[in-house]
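> Protein chains in written order, with this note's numbering: chain A, 1 to 216; chain B, 1001 to 1238.
Rather than coming from a laboratory, the hints here were simulated on the basis of the structure. Mixed in with the good hints there might be a few duds.
As the list claims (entries may be wrong) - A few chain B residues facing chain A, derived, Cβ under 8 Å:
#: 1; residue: 1083
#: 2; residue: 1091
#: 3; residue: 1180
#: 4; residue: 1182
Even glycine gets a Cβ: it sits at the ideal position worked out from N, Cα and C.
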Amino acid sequence: MKKLDRNQMAARVARDIPDGSVVNLGIGLPTLVADHMPKGREILLHSENGVLGVGPRPAPGHEDEDLINAGKEPVTLLTGGSYFHHADSFAMIRGRHLDFCVLGAFQVSAGGDLANWHTGGADAIPAVGGAMDLAVGAKQVLVMMEHLTKKGESKIVERCSYPLTGARCVNRIYTDLAVIDVKADGLHVVETVEGLSFDELQRLTGVPLKRLLTAA
Amino acid sequence: MPQCSAIIFALVIDKLFPSAEAALADIPNGATVMIGGFGNAGMPAALIDALIAQGARDLTIVNNNAGNGDAGLAALLKAKRVKKILCSFPRQADSWHFDALYRAGEIELELVPQGTLAERIRAAGAGVGGFYTPTAFGTKLAEGKETRRIGDRDYVLEFPIHADYALIKADRADRWGNLTYRKTARNFAPIMASAARCTVVQVRETVELGWLDPEAIITPGIFVRRVVKVAAPLQKAA
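Bound conformation, chain A alone:
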């Protein structure tokens, strides 16, 4: 089978973001999606620190310390972009004005629960940022993660063992092996990577999957 690398995963997510969408990309892996947006689509990126219309990374030497994204990386502003304060920024999120958010995850449950902020370890310092607001606020919550942990365990689980970020909030899961929709009646496999059969994916995944294959 041909596992997707990080850039291929980002490109796969980007392909599903329609023209005219307003999107928030989480810190880390999801941020890569910005680099793969199909040319010609007008898509507005929202960053929760207070900017709508985030543009590409500035050329070296042109960074502005007053213009950063939620990951605190230097960015630019697209023509037509705007700035606003934090309460307005989270009104956009919580008030259901964002079409999509793309978040990383430790685990997603069969019912769409998301765990991505805390390992629950006694010595771990918790940090949540805007993840809980995005999880309940965006119209569509897309999760992007590797299918398996480094130990080979499925990150798609019956019940999250890590503390929840949001309950029943995930709409679609993109992994390096498959695209899976979370629906009321369970998990539907939309596609698998080349050379990976449904049965093999099912064997690797901790919970029952339904066939909705458009390609195998």
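Chain A is fixed; fit chain B onto it per the hints.
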């Protein structure tokens, strides 16, 4: 606590202070202090340095983070002036001063989702006694909190965060305390300005009354008590 007031000469309102030291001189031990900024963008570095020099201790700090590197808020933490911090994202690659205090049990942490933090600050400034938010429902951060089903959704009751002082950074100010900001450095500043009894602003430039376009003023002077001009290196244009 000493009166928080602007210097008033006859009928002239003048909130300009000669130095950060003068503007922060009356912060007492045990004060709740909001500090603006998201990472380094909008962080009022000169005011934080002046707060460290001023010496107030047992502070409760409200900020999105818990300090980066060794300067600013991180230095205030390192100086052991902070008894409690309310923030959304303390753990970062360079938050070593907070991490050490937290692991040693020397600082109390109230972890608040970022949007709830912003709205609790906004609520304080707007005179709202509380609000129901869907954020964090069903999670550890809602444990023990009152919840309510409204329509077809579940909500968590959250309360405002008031502060004695807010230390923020803006781009320009006039002597009435009207403020404009620069790009994403705005972040928490406008809502913190409204939520504190005494808001102290560090600005890059002060201008004559009337020079700021009234349509471009983001924080009206009513929310500001003291303004300090801090010489800063020229900002690069994006």
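> Now look at each hint and say whether the structure bears it out.
We went through each hint and held it up to the structure:
1. Taken as an interface hint, residue 1083(B) does not check out: its beta carbon lies about 18 Å from the nearest beta carbon of chain A, beyond 8 Å.
2. With its C-beta approaching chain A no nearer than about 4 Å, residue 1091(B) sits inside the 8 Å limit, and its interface hint holds.
3. Restraint check, residue 1180(B) versus chain A: the minimum CB separation of about 11 Å is more than 8 Å; hint violated.
4. Taking 8 Å as the C-beta cut-off, the interface hint given for residue 1182(B) holds, the closest approach to chain A being about 5 Å.
Going down the numbered hints, you'll see the structure goes against 1 and 3, while the others check out.
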